[in-house]
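Novice: Using the hints provided, position chain S relative to the given structure of chain R.
If you're matching them up, the sequences are chains R and S in order.
Going by the working numbering, the letters in the first sequence line up with residues 1 to 340, in that order.
Going by the working numbering, the letters in the second sequence line up with residues 1 to 340, in that order.
These are calculated hints, taken from the structure and not from any lab test.
Worth double-checking, as some hints may not be accurate.
Treat identical chains as interchangeable: a pair holds within one or across any two.
[Stated by the list, open to error] When the alpha-carbon atoms are kept at most 30 angstroms apart in a straight line, the in silico BS3-like pairs for lysine-lysine are as follows:
hint, residue 1, residue 2
1, K176, K82
2, K23, K231
3, K121, K176
4, K302, K41
5, K51, K176
6, K302, K190
7, K211, K267
8, K36, K146
There are 2 protein chains.
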Amino acid sequence: MTKALPNIAVLGATGVVGREILKILDENNVQYNSIKFLASKRSAGSTLEFKGQKYTVIETTPEAFDDVNICLASAGGETSKKYAPIAASKGCVFIDNSSAFRMDEDVPLVIAGVNDEDLRKHHGIIANPNCSTSQLMLPLKALDDKYKVKRMIVSTYQAVSGAGLKAINELTDNTKTNLVGMPYEPSAFKYEIAFNVIPQIDVFCENGYTKEEMKVTNETRKILHFDENVKISCTAVRVPVYIGHSEAVSVEFENDVDVNEARELLKNTDGVEVRDDVSTYTYPTPKDAAGKNPVYVGRMRKSIAFDKGLDFFCVADNLRIGAALNTVRIAQKVIEMELY
Amino acid sequence: MTKALPNIAVLGATGVVGREILKILDENNVQYNSIKFLASKRSAGSTLEFKGQKYTVIETTPEAFDDVNICLASAGGETSKKYAPIAASKGCVFIDNSSAFRMDEDVPLVIAGVNDEDLRKHHGIIANPNCSTSQLMLPLKALDDKYKVKRMIVSTYQAVSGAGLKAINELTDNTKTNLVGMPYEPSAFKYEIAFNVIPQIDVFCENGYTKEEMKVTNETRKILHFDENVKISCTAVRVPVYIGHSEAVSVEFENDVDVNEARELLKNTDGVEVRDDVSTYTYPTPKDAAGKNPVYVGRMRKSIAFDKGLDFFCVADNLRIGAALNTVRIAQKVIEMELY
Numbered sequence: 001m002t003k004a005l006p007n008i009a010v011l012g013a014t015g016v017v018g019r020e021i022l023k024i025l026d027e028n029n030v031q032y033n034s035i036k037f038l039a040s041k042r043s044a045g046s047t048l049e050f051k052g053q054k055y056t057v058i059e060t061t062p063e064a065f066d067d068v069n070i071c072l073a074s075a076g077g078e079t080s081k082k083y084a085p086i087a088a089s090k091g092c093v094f095i096d097n098s099s100a101f102r103m104d105e106d107v108p109l110v111i112a113g114v115n116d117e118d119l120r121k122h123h124g125i126i127a128n129p130n131c132s133t134s135q136l137m138l139p140l141k142a143l144d145d146k147y148k149v150k151r152m153i154v155s156t157y158q159a160v161s162g163a164g165l166k167a168i169n170e171l172t173d174n175t176k177t178n179l180v181g182m183p184y185e186p187s188a189f190k191y192e193i194a195f196n197v198i199p200q201i202d203v204f205c206e207n208g209y210t211k212e213e214m215k216v217t218n219e220t221r222k223i224l225h226f227d228e229n230v231k232i233s234c235t236a237v238r239v240p241v242y243i244g245h246s247e248a249v250s251v252e253f254e255n256d257v258d259v260n261e262a263r264e265l266l267k268n269t270d271g272v273e274v275r276d277d278v279s280t281y282t283y284p285t286p287k288d289a290a291g292k293n294p295v296y297v298g299r300m301r302k303s304i305a306f307d308k309g310l311d312f313f314c315v316a317d318n319l320r321i322g323a324a325l326n327t328v329r330i331a332q333k334v335i336e337m338e339l340y
Numbered sequence: 001m002t003k004a005l006p007n008i009a010v011l012g013a014t015g016v017v018g019r020e021i022l023k024i025l026d027e028n029n030v031q032y033n034s035i036k037f038l039a040s041k042r043s044a045g046s047t048l049e050f051k052g053q054k055y056t057v058i059e060t061t062p063e064a065f066d067d068v069n070i071c072l073a074s075a076g077g078e079t080s081k082k083y084a085p086i087a088a089s090k091g092c093v094f095i096d097n098s099s100a101f102r103m104d105e106d107v108p109l110v111i112a113g114v115n116d117e118d119l120r121k122h123h124g125i126i127a128n129p130n131c132s133t134s135q136l137m138l139p140l141k142a143l144d145d146k147y148k149v150k151r152m153i154v155s156t157y158q159a160v161s162g163a164g165l166k167a168i169n170e171l172t173d174n175t176k177t178n179l180v181g182m183p184y185e186p187s188a189f190k191y192e193i194a195f196n197v198i199p200q201i202d203v204f205c206e207n208g209y210t211k212e213e214m215k216v217t218n219e220t221r222k223i224l225h226f227d228e229n230v231k232i233s234c235t236a237v238r239v240p241v242y243i244g245h246s247e248a249v250s251v252e253f254e255n256d257v258d259v260n261e262a263r264e265l266l267k268n269t270d271g272v273e274v275r276d277d278v279s280t281y282t283y284p285t286p287k288d289a290a291g292k293n294p295v296y297v298g299r300m301r302k303s304i305a306f307d308k309g310l311d312f313f314c315v316a317d318n319l320r321i322g323a324a325l326n327t328v329r330i331a332q333k334v335i336e337m338e339l340y
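Just chain R, same shape as in the assembly:
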């Protein structure tokens, strides 16, 4: 390491993902020269504790990015659209959690440990994939390297924390209201989420899929450099879980798959933890994954729908691998590869 340590900014520091970013910056002991915390005008002026020190949250303005080398941003698409180009023009590497730039050809879309080399092509903005895509990439990359993915069908079981603080509180309020037999009028969701599942996340596209579902198709292709011949479809469903996205995944491969070999492969994949022993009812659930870093894989079995295929169940903390953890890991790679 020859380069001076970076000045870091965390944008959206007071949100659900922002708080998680602070935790992980601490856990991973990320080294920096200086750090500051940016938020909307509303949250500016409030105090925030990081590594035992108190910081005043600063309002996000163009000037706030002066002298910042790396910004970890999770403040929503509108804020990113406004400030990412400004930050980049000032020489700051803007690592963005929103969907604003993900499919931009000039913006690398990166899962640390999967396609780190794409980071070298950045022009100031780096995008973090959507949570439902992110957790799949580590196991899928390992399987693709060995068996070559041809087709994938994903059904998700997504936690409410993916929709922010208001949605988390709504699950609690709605549940309590239901338990005493009172009616409840949802507002964070279109339908009641308590004791229910909702087959819509994000808005609908013209082809009938939701944006969330198309993100799995398009972001997976971009991250793993798949061409259009690799067919991917998804059904994204919200479930009454606080933290932890789950995915039922069916993959067809070009090559024959041996399930025991595939299991060993994933056991040796960084960031993946295999929990898969039917004799002891061992498989991942979101409650067990919450607060943890690995992507958990279980229920691995040779597909009976595809001649060369595999079915598995993939669970991860959506606020970590799906957002904050990967953002911090990208920052660490940018520092390590001296790309700031």
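Specialist: Chain S in isolation, oriented as in the chain R frame:
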């Protein structure tokens, strides 16, 4: 109708599905000569109300089936294994909700309105398919008639009521315990079901799929007379919902599919209700389906994973179409076709 009205028995009348059978016998105004209610020794002697009249629950014994023409049974596999052959030998048509006889070659496996003609082949026992299979059959039969099913991948979101009264109470207790931040030791489920999802229903088979998952494969093939070339796989997941199973379904067909045509087709299919208008956020959820008879279909879209395929989301009251409603409908067909 020339035949005398049947003497009916309801076996397992005090269970979750049994109670629902009573409701639907009343709603559908099923005609009979006499009716009686059978249960285990433990429940025998208790009183039960049906159509405003009080009945004493009778202990299930071989003699209890004397003079019974049609028995609607939902008392679990062991009870069915014991009493179905006895009942049949006494000339009773035993309509069974358990999985005990479903794959028996001599036993028709029937969804009323889908394969009624199979009823004619009965030898005293008729099986009701598993709940996760049942709700799919009405829409799938219509789609298969038109487009010919080639491959199907199903991910389920199954309500706890499918696991009985104890599981229903456990969801409530576990949820309340979680809301006050106390630990909970599950017993009806292997893992906590509150604010969680569990990717296991029923026991594991040698191929890594669960019995519940293999039921979808095998029962669908039997009901729709598919040969082994039709490939079907399923991932069955328990979710914290009281009533209403949901299924994310991806189907590949032999023939080209037009999604608008397919939607019209299902709109005109008896027992199916299409709730599918993305412009008004109209799609089915289990909470809306609970207590109702139709199989609801929404989120219909041309597959982007298969050249000739369709994705959709299918929701139904698992205690009704998945169990009690189909049992009663089979009884009605047996009466109508004079097969008792």
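Novice: Each hint needs a verdict: does it hold in this structure or not?
Specialist: Here is what the structure says about each hint:
In the homo-oligomer, the alpha carbons of K176 and K82 never lie at most 30 angstroms apart, since the shortest distance is 39 angstroms inside one protomer and 44 angstroms across protomers. In this homomeric assembly, K23 and K231 never come within 30 angstroms of each other (Cα to Cα): the closest approach is 37 angstroms inside a single copy and 46 angstroms across copies. In the homo-oligomer, the alpha carbons of K121 and K176 never lie at most 30 angstroms apart, since the shortest distance is 49 angstroms inside one protomer and 51 angstroms across protomers. In this homomeric assembly, K302 and K41 never come within 30 angstroms of each other (Cα to Cα): the closest approach is 53 angstroms inside a single copy and 44 angstroms across copies.
In the homo-oligomer, the alpha carbons of K51 and K176 never lie at most 30 angstroms apart, since the shortest distance is 35 angstroms inside one protomer and 35 angstroms across protomers. Taking the closest pair of Cα atoms, K302 and K190 come within 30 angstroms of each other only across two copies (24 angstroms); inside a single copy the shortest separation is 37 angstroms, beyond that limit. In this assembly of identical chains, the alpha carbons of K211 and K267 lie at most 30 angstroms apart only when taken from different copies (26 angstroms versus 32 angstroms within one copy). With identical chains, the CA atoms of K36 and K146 are never at most 30 angstroms apart, being 43 angstroms at best within one copy and 62 angstroms at best between copies.
Hint compliance for this structure: hints 1, 2, 3, 4, 5 and 8 are broken, all remaining hints hold.
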